[in-house]
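Student: Protein chains in written order, with my numbering: chain A, 1 to 481; chain B, 482 to 685; chain C, 686 to 786; chain D, 787 to 1095; chain E, 1096 to 1212.
Rather than coming from a laboratory, the hints here were simulated on the basis of the structure. C-beta atoms are modelled at their ideal positions from N, C-alpha and C, and glycine is treated no differently. Be aware that one or more of the hints could be misleading.
Claimed, not checked - Incomplete in silico selection of chain B near chain E, CB under 10 Å:
1. V518
2. L545
3. V563
4. M564
5. M566
6. T583
7. I585
8. F604
9. T616
10. G635
11. L638
12. T641
13. M642
14. A649
15. H651
Claimed, not checked - Covered by chain A, per the in silico footprint, the following chain D stretches (three or more residues, Cβ under 8 Å):
16. 822–832
17. 990–998
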Amino acid sequence: MGVTSHRGAGRGAVRDELRRAVGKIAAGSAVPVFPMAGVGGRDAARRIRLSRRLEVVSSPRAANVLLIAGEITPRLLRPAIRIHDQASPPRATLFLIAGGAPEPDVPSKPEAGSNTEVAAVESALRTHAIRDRFFPFAGLVHQESEVEAASRALHRDLVLAERATEPAIQPDRPPLPWRGRGPYGHGGKGMTGGAPYGRPLPERGNDRDGLQLDRLPLRIGPFFPPLVPGLLLDVELHGDVVQAAELGPNPFSGYVGASATCPFMRALASPVRIADLELSRARSHLRWLSDALHALDLSALSIRALALAERLEADNVPLISAELARFSRRLERSRTLTWATRGVGHIRVDQVGDTHGPVARATGVEADARCDDIEYLALGFRPIVHDDGDAWARWRQRIGEARQSLRLVTQAGDRRSGGAGIVEDPRGMIRLQTHTLDSTSQLLPELVTGREWGDAVLAAVSLDLDLERDARLTSVIEEGR
Amino acid sequence: MTIGTDHAPLFADVLFWMLAVGSVLAGWRVFRADSMVRAAYWLLASFAGTAGILLLLHARFLGLILLLMMAGEMTIMAAFMVMFMMNPAGLNPMNMVHQHRTAIIAGVGAFLGLAAVGVFGEFPARPLLDASQVTADLGVELLGDSMMVFETAGVALLATMIGSIALAAHRGRFGPADEGSEPPALVPEAETVRPGDSRDEEQS
Amino acid sequence: MSLEILLVVAAALFGIGVYGALSQQSFVMIMMGLEMMLNGAILAGVSLWYFSAAGSPKGQLLAIVAMAVMAVEAAIGFALVINIYRVRKADITEKVKALRG
Amino acid sequence: MTDVAAGVLALGVALFLGVYLVSVLDRFVSDLVAGHGLTANVFWAGPRRAVLLLLQQPSRTERPDAEAWAFAPALLGALGALGLATIPLAPELPLADNADGIVLFGAAMALVMVAVFLHGWSANSVFPLIGAYRFVALALSYEMPLALVLISAALPAESLSVGEIIRSQTDVWNVIRQPLGLPIYMVTVAGLAFWGPLRLPDAADLSGGTRAEVSGPALAAWEVGRSMVLVAAAAMGAAAFLGGWLGPWLPGVVWMGLKTLVLLVLIVWSGHHLARVRTERFVVVAWVVLIPLALIDVFLSGWLALAAR
Amino acid sequence: MITAGALLMVVGTTTIALLVLRWVGGAVRRETIPEPQRLPFLGGNPPTTHAWSRYHIRYYAMALLFLAFDMEMVFMYPWAVVFVREGTVALVEMLMFIVILLLGILYAWREGALEWA
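Could you build all of it, start to finish, from the sequences and the hints given here?
Tutor: Structure, rendered in structure tokens:
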């Protein structure tokens, strides 16, 4: 992207020199990265927040490097292409193919020939195909540890103009042809008709307030930072209040099978060490805590929670649980956190089933698969229950469960549990015999309707949704039947 | 007789002409702009011009308070216009104008009439000399002679608050205004007919 | 910057206000015409306060009352606009011939 | 004319230092709270990011209001500069310190709402629009307590000029005389400069709110403008409540700088420790709690000023 | 110092900031921005309509309250200047004025006009 100046070569050389000097300064800055999480990429896309040299930005406009972690399923492909074109040049894309590092305490290499290993190779091939066809200039990384170095290299080359910015993938055409149409060539007609400048004007709709004003029908996309990756939410906004909400299709369904790395899935078939189960539960709750703090504009505290989650291993549990105790006491004492979440996303007891895990227990329903497991009862396990059913109750519920899990890990020794087709996942109870999966994402539309946008997002975050887990479980239950 | 600030009369005149022409042009743009938000903020620019001129006339407090008031008011006006206008952002340029000729004649007539009064009328020439105590004099006036104006303004503002909320708010203390509130029965004991009742349709 | 020029400028603002109030169809734009008229009035008032009234506080008070009128008029005007829109879905004067109950 | 030039120069230096200080403080507190080690990068990260943004291409949406979009960050910066101009940074450095300093400051803070609304509205995209309208609700509720609290500071000084207010605090600072003043001031000013827990227009739940569609130089100008408004607000807080340039041993300007720094640290610290508030609830709190409290503060300090006469 | 100086400084800062913004924007080689890059950001999906719409501000009752209550400041600034000279009479007068206006806020709060409509 050399600066071509038509005012003579001398002037051009000076400009290039100036451009290079400025580029060298800019190359030293933190790399603005916009992460997009596909299959298995959610944890990797969250972990880059920890690195000091990368700065995760909240919109593709401010991003230089677009990180695509994990496999892009067909329903995520077009949104990913749109976001790539929305990024402002100079831009570059980086693919992370290995689907993120496996859980630290699980054998990294799945046994050769097992169906998970075959599925991993297929997904890598599919990602290579997407990359070659749509993102020919994109960088490619196989291990998560190389992501930081690769994105800094891409950033350096972009800024020093040694690497050309990636052109737009979609054709340069307005959404609806409008030039030259309508009385003034702007595509409009009459007062509110036509498609002025390529888009129609919204229509009116009824409202609880009796004023018939415009409704904005929106599909909030799979890569909307405050919400969960992959979540498609069809929303009708009336001002900033959500008039109607509907859950879109799950983009991961049909592309994910049983995962070998998740201890809870393995516990469905064969018994697994209780220490592994509880460690993974604590890590999952802490990662949720990091996302929830980030949605409340507390990015520094969210990095601290994330650091706790990622440092957690079998050997440093006492240290981490002491740190977590201090951290959670401080959160529970913070009054602004209570004001921000109390009364948000209230769920009644009848709305919630007994397979909704922490969300059910935070509404007063004492339903936990671990209750009728003799191993857990021997450890003196008693489920934690809160009964307000609002976002603040769910916060305290998950923090309490994380601390309880860490206590269970220290006492568990190498007891084993599971293998009977029923297990308590961090997000709910999984029973193989039931035919359908009743996941907490069904609660979202009702929770969000009639709320102001800020409360709606806080309610959605407090549900701790995971669409990839839902897709995997539905496919496992399908096979089971 | 031109009035200059203490040591830069030319500078004050240039500034005055800039502000005056700017204010009038902004006023004209208000009714020419397609986008409602632009119309409201052109009006704010016109008010800012007037506030600047008030500052040059040593009515410092009035100019600044006009600017402060108008910032809030014009943003609310922009928000209300966007809320009710058919084509708020002017994406479909259209002119929402009627009886255009009479309006122009009335406008020009008003301008010429008032300008004539301004130019040919004799006004007593008692210019303000010491401008340092202007705000203090206003304070004394408000608390002393014009205390009635001050308090009645308070009551008028209270009436405005209650009136505008009673008119505009849909949901009062007892829930939405048009829900469950039954029209008064014509005959004292007769059973009232609630709007939307089946019997209501037969009668109307 | 003499009294005559100031009064001409104020008259110009007032004239634009009159044109705006008469020519526009939408309620809120008519209210902007009114505000423009009040703008001219305040400018004329303060100019006369400076040149002819030797800075008497009552002159300033007139300007403050004019601002109070502006605020009250805007508040009641918007309240009426909301009420009419809720009842009649009308935001331009054509549709509202009479303010029937 | 020379003292105007000196005043403008002093203002420019103060603004530049203030903006740089805000960026360093923000990164410093963020690293401290996040538990990272503290490195010297804190001092270079801000300017480097600004240079990087200058190289990025400014983006546009399908049908923006381009002029208003470009004008909004410039207006925000100009209002921050105007707010700081009303505050005499040292006894001999008054720039626009006319008799009605706090009214000019109030007008500048009221016009910040116009700049943020234009910045959100012009993008013609949903989330900046929601951010813009949210900020109008917030700013409408916070203009009043801010003006009332500054009026209560002006009562003992018997004048609206900031220099007089500072001189009236020679024997006791307003933060001691009027205990309610500084807390209410910090809450309203954090709201009007949309920093910390009151960062509603650019909140994370709108994925960046009014700056979700902004990139390149416009984003750099927006963040510089926002820091300028914060510096002006902190300086006015130091002048009206912490006695401005009054203080033993050190020269006036240094005292002013230190007190502004203390208030800046307070606001930036609150940004990383207090969760973002809910818009509707905080509008109600502003009308029902802050305005009555501010009025009580006005009458208390009025009664005190009478008693002290 | 003359207030016009402040005005000049504001106008100067704004224009300078605007020019720097435009010039710097221009310094980076600017091809015209292609249509797909202009798509508003909704997380990956295109919007179906323009965002500019008749936006239902939910706090319109509070806005009307603000319009009326804003005048209270206008009367309070001059009062503050002369308050100490005038003595307790001024205190009582302003107290009456403020109590009247606080009644308005109390009414609005009770009617629920401050919450989102």
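Student: Holds or violated: M564(B) as interface residue toward chain E, Cβ cutoff 10 Å?
Tutor: holds (6 Å)
Student: Per the CB criterion, is L545(B) less than 10 Å away from chain E?
Tutor: For L545(B), the interface hint holds, since the closest Cβ of chain E sits about 8 Å away, which is under 10 Å.
Student: Min Cβ distance, V518(B) to chain E: is it shorter than 10 Å?
Tutor: V518(B) check passes; min Cβ-Cβ to chain E is 9 Å, inside 10 Å.
Student: Classify the hint on T583(B) as holds or violated, based on whether any CB of chain E lies nearer than 10 Å to its CB.
Tutor: violated (30 Å)
Student: Next item in the hint list is A649(B). Is there a CB on chain E closer than 10 Å to its CB?
Tutor: holds (6 Å)
Student: Taking 10 Å as the limit, does the beta-carbon of M566(B) come near enough to a beta-carbon in chain E?
Tutor: holds (7 Å)
Student: Quick check on H651(B) please, does its C-beta sit within 10 Å of some C-beta on chain E?
Tutor: Holds, about 6 Å.
Student: With 10 Å as the cut and Cβ atoms as the points, is L638(B) at the interface with chain E?
Tutor: Holds - the Cβ of L638(B) comes within 10 Å of chain E, reaching about 5 Å at its closest.
Student: Can the segment 822–832 of chain D be counted as covered by chain A under the rule of three residues or more with Cβ-Cβ separation shorter than 8 Å?
Tutor: holds (count 5)
Student: Would you check whether T641(B) satisfies its interface hint, that is, whether its CB is within less than 10 Å of any CB in chain E?
Tutor: holds (4 Å)
Student: Hold the hint about G635(B) up to the distance rule: shortest CB distance to chain E must be less than 10 Å.
Tutor: Holds - the Cβ of G635(B) comes within 10 Å of chain E, reaching about 4 Å at its closest.
Student: The hint names T616(B) as touching chain E; please verify it with the least Cβ-Cβ distance against 10 Å.
Tutor: holds (5 Å)
Consistency with the previously given hints fails for numbers 6, 7 and 8, ordered from lowest to highest.
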